[in-house]
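Engineer: Chains as they are written, first to last, in my numbering: chain A, -10 to 269; chain U, 17 to 682; chain E, 195 to 386; chain D, 353 to 789; chain C, 98 to 431.
Don't take each hint at face value.
As the list claims (entries may be wrong) - Lysine-lysine pairs mimicking DSBU-like chemistry, simulated, CA-CA at most 35 Å apart:
| hint | chain 1 | residue 1 | chain 2 | residue 2 |
| --- | --- | --- | --- | --- |
| 1 | C | K309 | D | K575 |
| 2 | U | K533 | D | K784 |
| 3 | A | K76 | E | K368 |
| 4 | D | K575 | U | K92 |
| 5 | A | K198 | E | K360 |
| 6 | A | K268 | E | K361 |
| 7 | U | K422 | A | K79 |
| 8 | E | K348 | A | K198 |
| 9 | U | K339 | D | K596 |
| 10 | C | K259 | C | K273 |
| 11 | E | K361 | A | K121 |
| 12 | A | K198 | U | K479 |
| 13 | U | K445 | U | K375 |
| 14 | U | K533 | U | K226 |
| 15 | D | K701 | U | K46 |
| 16 | D | K701 | U | K57 |
| 17 | D | K362 | U | K662 |
| 18 | A | K79 | E | K311 |
| 19 | U | K375 | A | K121 |
| 20 | D | K362 | U | K360 |
| 21 | U | K360 | D | K596 |
Hints are computed from structural coordinates only; laboratory data are not their basis.
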Amino acid sequence: MNIGYYPGCALHGSSDDYEESLRACLRALDVQLQEIDEWICCGATAAHALNQKLSTALPARNLALAERGGFGEMLAPCPMCSMQLIKAQKALAGNEGLRREMSGIVELEVRGTTRVLNLIQVFEQVGLDRLKAALKSPLKSLSAACYYGCLLTRPPDVVEFDDCEQPRSMEAFLTALGAKTVDWSYRTECCGGGMTLASEETVLDLSHKILSNAAAHGANCLVVACPMCHVNLDMKQPDIERRYGVRHGLVIYYLSDVVGMALGLPESALGINRHFVGKA
Amino acid sequence: MSRIGVFICWCGENIARTVDVDALAQEVSKFPGVRCAMNYKYVCSDPGQALVREKIAAEKLDAVVIASCSPHMHLKTFRRAAQLAGLNPYKVEMANIREHCSWVHHDRAKATAKAASLIRLSVEKARLDHELQPIRVPVTRRALVIGGGVAGIQAALDIADAGYEVVMVEREPSIGGKMAGLSETFPTLDCSQCILTPRMVEVGQHPRIKLYSYSEVERVEGYIGNFTITIRQKARYVDISKCTGCGDCWSVCPLKRNKSEFDYGMGVRASIYVPFPQAVPARPVIDAKTCAKIIRNGCGLCEKKCKAGAINFQDTDKLVEEKVGAVVVATGYKLYDIGEKQDKASLAGYGEYGYGQYKDVIDSLQFERLLSASGPTNGVLKRPSDGAEPKNVVFISCVGSRDNAKGLPYCSKICCMYTAKHAMLYKHKVHDGQAHVFYMDIRAGGKGYEEFVRRAIEQDGAKYYRGRVSKITQEDGKLVVRGADTLAGVPITVEADLVVLAAAMRPADGVAELAQKLNVGYDEFGFLLESHPKLRPVETNAAGVFVCGACQAPKDIPESVAQASAAASKVAVTFAADELMREPEIAGINEQTCVACYACLRACPYHAIEQAEVRTPRGVFVKHTARVNPGLCMGCGTCVAVCPSKSADLEGFTEQQIYAMVESLV
Amino acid sequence: MNTANPLPQACATARVIEALAHTHLYDCYQCGKCTAGCPMAAQMDIAPNRLIRLLQLGRGREALDAQSIWQCVSCQTCATRCPKSVNCAGIMDALRQLSMEEGRVSPAQRRVMLFQKAFLDNIRRNGRLHELELIVQFKLAGFMHDRRFSLLFKDATLAPKLNKRKKLHLRGKKVRDRAVLRRIFARSMDHS
Amino acid sequence: MNEAGQFEPKIVAYVCNWCTYLGADLAGTTRLEYPPNVRIIRLPCTGRIDFNLIVKAFEIGADAVLVSGCHPGDCHYTAGNYHARRRWILFRELLEALGFEMERIHFTWISAAEGRKWQQVVTEITEQTRKLGPYKNLYADTGNGSLPIPEAAPAVDQPAGSEGSLRQRCHQLLADGTVKVVIGYGTGGPVCVTKPADVGRLVWNNQCSSNLTTYLKRQEVRKLGRAAIVVKVCDERALVVLEKESQLDRKDLHVMGMACNGMGQPKCATCDVRVPRFADEVIGEVASVPLAGPPNAAPRGGAALEVLLAKSPAERMACWAREFERCVKCYACRQVCPLCYCERCIVEKNRPTVIDPSPTVKGNFAWHITRAFHLAGRCIGCDECTRACPAGIDLRLLNLSLAKAAEEHFGYRAGINRDVEPLIGAYSLQDKENFIR
Amino acid sequence: MSFTITQDGLSKLVNEWLARGKRVAGPSRVKRDCILYVPLQGPDQLLLEDFIRPANSLKEFLFPKHERLFGYRINGNGVELFELEPPKTEQLLIAARPCDAAALPILDQVFNWDCADEFYNRRRQLTTVVTLACSAHDDACFCTSVGLSPCAERGSDVMLVKLDRGKYEVRCHTEKGRSLMEGRLEPSDQVASEPLGPEKRFDPAEVREFVKHNFASAFWQSEGLTCLGCGACAYTCPTCHCFDIIDEGNANEGARVRNWDSCQFSMFTQHASGHNPRENQPARQRQRISHKFDIYPEKFGEILCTGCGNCTRNCPVGIGALSVLTEIGHGEHL
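Start from the sequences, fold in the hints, and give me the full structure.
Structural biologist: Here's what the structure looks like:
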């Protein structure tokens, strides 16, 4: 099975451990990723904060490149990128005038036919039973709090993935791979997103609440599928500890980390050693 | 040649001002079939009607045309006048030369010419009017009440007290409906069971009320005055004639842990149970889904214990037929299911409140059971998770109601009142407890309602926040309710021990199917359609079928009872005469030329046409034909238009009349 | 009788916002659920439902001056849970865009806007985000704005940790055709 | 004409008693003036207004006709206006095909509260009709228009041996008493064989183009007892329609489907299903012809209908006036049609005289409009009416225009699907129309 | 010694009549396979070769399918009658077939039997019939079986017999014919050969005999079974002359009109009580045959049929009279 791959700036920047992890894990499940040639930034928060037309144009450019590359489906592991791409794809598919306008702006003909998937959807295409079959070392040690963040399931009418209030798609994978999952309440609360640099105390406040709730429900680690959430929950844990005097000490795994570990891949191949908070 | 009398009215000068009535009378008198034509200042006045009556006798008229206002105004008046003079009332026609002529055309010559043409139309129609007699339909003076809630009980008692037999069909093992499960009722806080149980007993013991409990309406045939109702008596596995209600069986039954539907899951019951102590009939029913004997032929203790030998595991559903003359639908309501799964595609659930995930998030009827003295906690307020006494209770109103995104844009009308009642009752039970209420608008329009809500706020110290709740999360044992107060414009977070959701009111399950059986309309949410919201609130467009209570729209107990009595009075009106009189302007089918293609039968909106056979006097089959049931036909005439061989015709608007009118316009 | 809109004549800002956010802000019946669910509402000077109310009343200027529009983390909670399906998140976006274009950004929240502007300049030049370049440019712009040295060197200690984990990339892979980015940005700036 | 020499149009309005009549009353009580040219005829419901009334209004000289009633959903009788809507969607197509001036026919929904709308509608129609002038060329043969002549398909001979096996089977059926009579094709025309010895009279060649199902309505044939009937693909669709209209019960009928290579009729040119589908037994196979569209669509009008519809309304009316001039009202078109099974046809009723029995232009137009619309959504395209007409009138075109309308508007095709409800006499809330104001 | 006329001579004749505002009718190809006697706009519409006979008959021009007898006007409660303007345009029926022309004398008898029908007689005087002898026949023709032939003179004023392409021998039989052909003929010695007609199919006397004695025989049951009861045979038959009289009009005025009718219709003998002496189609078939071959001959001494075969050609189910008559001829049923 091979699908298009839109890494997004984060995965080629400070969150390249996420890319390393998901490439290793997907290679083990023989899923070939073909990176979209000449992809550009999806505009993230900045574009839709300051310029609505730009927030459609940038994803439109990427969609046009994917269509030119002949990709029917495309993985966008970062929920911010996948939400922006899906939003643009839906707007383009439903509006002839917008298609003409955007094709003009991005200088490429765009039809809005590419289906954008997040990492969980790719694993779902691989299928639970294939994962169970390939299970080498069950994750008995993990008591994981699955954290979806705010953009993976929202806005529901755009993203149309799992349930926007009570998502359970990651739990399904983890229990299948032998891990224990925690029933906690902050699955879809926001971690502060793109405010890491712009307004640090926002991130610290929100992430602290998330980590506290996870700990309160007996989780010893979090599983995320978003580079920005990982930065805020993992890299900022020392700052949280400095500010609130609480050492959470929760390891923040990417979903591909845990799946990779279950498949028996070594931690170094998955880039787990490059996280800020290591195993106690 | 017919002898028609034309009476042209001046209507004071409303007509006379623009229509030259004298010239008109002259011209009309020359129309074919017109015996005499005259004009008078006020034909609808007593002297005017006297003139008409006198002319009918003097000129021996066989039809009358009144050229005046709209038939919607005075057709009945002039028909009665003609009847007094011995002329068949259906030989009277009206030409509307006021609204359709003098008031809208100011050119005198044109208005007069148009008036003449309109009168000519009515003369042509009058010439071909048939003498009709009102249709008499025999009435079975028995009423069917579907639903045993407070509305059904009130309707049944009123009808029975009026001297007519009533058949009541209740789907649950006992009557009482939702009200039986309430603790106390606003605004008087009198105990719900105390005011309802006597009425239930009255129903149980009323000589003229035949109660079918644990039964449903299977099929409805016939028409007003002559309904045939097939009732399915669901298998109860207990013979209520033999059973004395001693209770040995449900005390010996080993399976005590079944969720009690009456307590909405707050309490448990045995597999053989009586829903609540004051049940009418106070006889148990066996739950076939959990009883070990029925499932795998085990146990059977209750049968051994029963001294009256009333237990019968081989019991099956029985179909019973009842003949009734009128039907009152009082099927009540159910609460909107707050959880994820919805029974209709157009509805969405409330994932954000964690209902069904957090034990201490319950809906209003479950809270009623916790408050109720006969409830699972005997009136002591214990929260479902650990039974502790909740110190902080959050009440959230408009859960599902007024929410376009969830699919129910309407207001359920009673939640503001019972939420205030809950806050008040909670304070009375837990003196040091604090009630928090998130509301959008307080709707307390009834008698003493506003004062009741103010008392809950001012005396019982309930904190009211004006804003919706966005999310409920569980954090170290506490339910964190994140709401807002738009008056202050700030988010509000309350840590609660218990959260009560005031869920929206929806019609009871299965009302849509019942409506189709009764040929009654229902709206997009499933509430039954009344004939006219203001003028005929308890009637429906199916003759002889009345509605009352929450099945028609969300409403509280006082309104339901009032509507129930209204429905009962309508039933009494229907049974007043020993025969029902119906307008004779209905369709009829010429059975000689009908070729039984049944296009009319498919087109008739009232299912008033049935397949029939033409037989010779000695019973030899001649042919198939369509036949109109005079009781059901409302006279819309759709069958006449779809009949290819023009065998169907409509009295009062016969084909001959319409074509004669059109041809007179040449 | 003509059928003029009985509500107070909707002000220009409200109409522009509705166009940008593709939503009807007059559908909002002020139930407060957006404010209730907003993670940042507690720190906001004007809560989300208040912003919409100001727009409904035609007082767009106060909405554009609010600090809250820059505290919003765009987590889409408000739009997801709104019972009237009003795109509150889209309204916040539109308010930010108008506020920046009309130069009414509140001084206390200017840093967020500067970060977003730096972010956009960065991808306009490189096609993809260069984190190091962004940090440097944002720090300088922030310093020019409020002259606070503490913020200038705040995360200096972070650099070595990132480097140890090979997360510090001096030069990212650039997009070959960067000129097209400038043209895309130019075409997106004019308000057609 | 009025004194000012200005043309005063005559407008007949059929209105429903509960909504539009009260709307007109309201226009009166609020003194909204409008021209006096309209004459209101009150009927209980738009469902009661049948299409003959519109034709009769034009016959007596109306220059415009208005039909108005309650908005969908408001009908006092719940569904009358839905029935009317579906009826007008189809009837307008027939009037269009005949070349009526459609701008003289108006349909509106006017509620009891819309006095103003009644005033506007009547005023607009009066002015518009005044500009159009009197409806002089109703049924007028103004030009030398002529209808295109349908091209026949080449005559091909039938599958070998099927005639023999047909006779052999019929002999068996008659001998063992399964059927009392076999309705089949003879040399000169149809034959009814009752004795096994006479099966020799049955033939199967490329002259068997008539539709034998029309004999199922004849009392004389029914009296003979259970019948076996020989049908081709185009004939058997009549059985589906007849069964749906409770005219026959498949139990007391034995259907012998004949595989057919085409009989050289115009309909055979577009026939793509050669083997009957609902027959009890099929005789003879045919080289399987690929199913182009849905099975045996009524010949989608073919070129002739396109040519007709391409003409201007006046030209179309002229064509039909010229064709109907030759009609002698022998009613062969009615008697050969399997779906015209009324014992007393509407044209034989005179109280009231809905259709003039005389073969005048007016009487012929009224008759052919009624016959065509009675087959709306029912005609199966067997073209018997055109074949039987001694005056050579191409009646097919009227039925094809309605069959095309039924397919375009409702995706409905007569006689194909056994459990679909007949089109006329039913309605749907989603019926789409763009002509009702 | 014979006289001939060329095709353009005929065209000139037609043009002259049309120029004088008179009506000319003749066979014309209305559609590919539909030839009818219709009023002609010009000689080019006149069809003279390669057709057997038109599908209708001359009856339409003498006894029209719809005729207004008199008008009435309703005023007040009374009715006022008024005469209608009688037909006065002369008409020339050209290139008619002999079997059509032979029908006219038969109709003359029935329209002048107990009451002289002035409408019919007036038209008859105004009519001049020019027949064209048949040069071919098909298996529906049986004029020879009823005493006629492809060049029978009965009822025609002038007879044309085809010589060769475009030239016809002219035989004038009546004064009217001679005055018509005045100055249009050239003498010639060519004599057209007698075209031979179809051989005899049945003996009318035998048919008459059979019909007299087999009123209730099962023969009719089997022969008339497949007849659908339309009016195609009667309305295209040159000799059928039944008609129905009704009033047609609106609330103010109208007219009493006469329309064609046919004994094959189910309503033809329907009594007001609902009873119908001929309640099924075989009975009506029997009536048609016996009226033509027994009842009419008994009253007028002639067979009410000229053997043109229109009934067989126009019958949608191919019965017509011929199949029944030949069936009777076979005689097994006697």
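Engineer: Could you tell me which of the numbered hints above are not met by this structure, giving the numbers in increasing order?
Structural biologist: 4, 16 and 20
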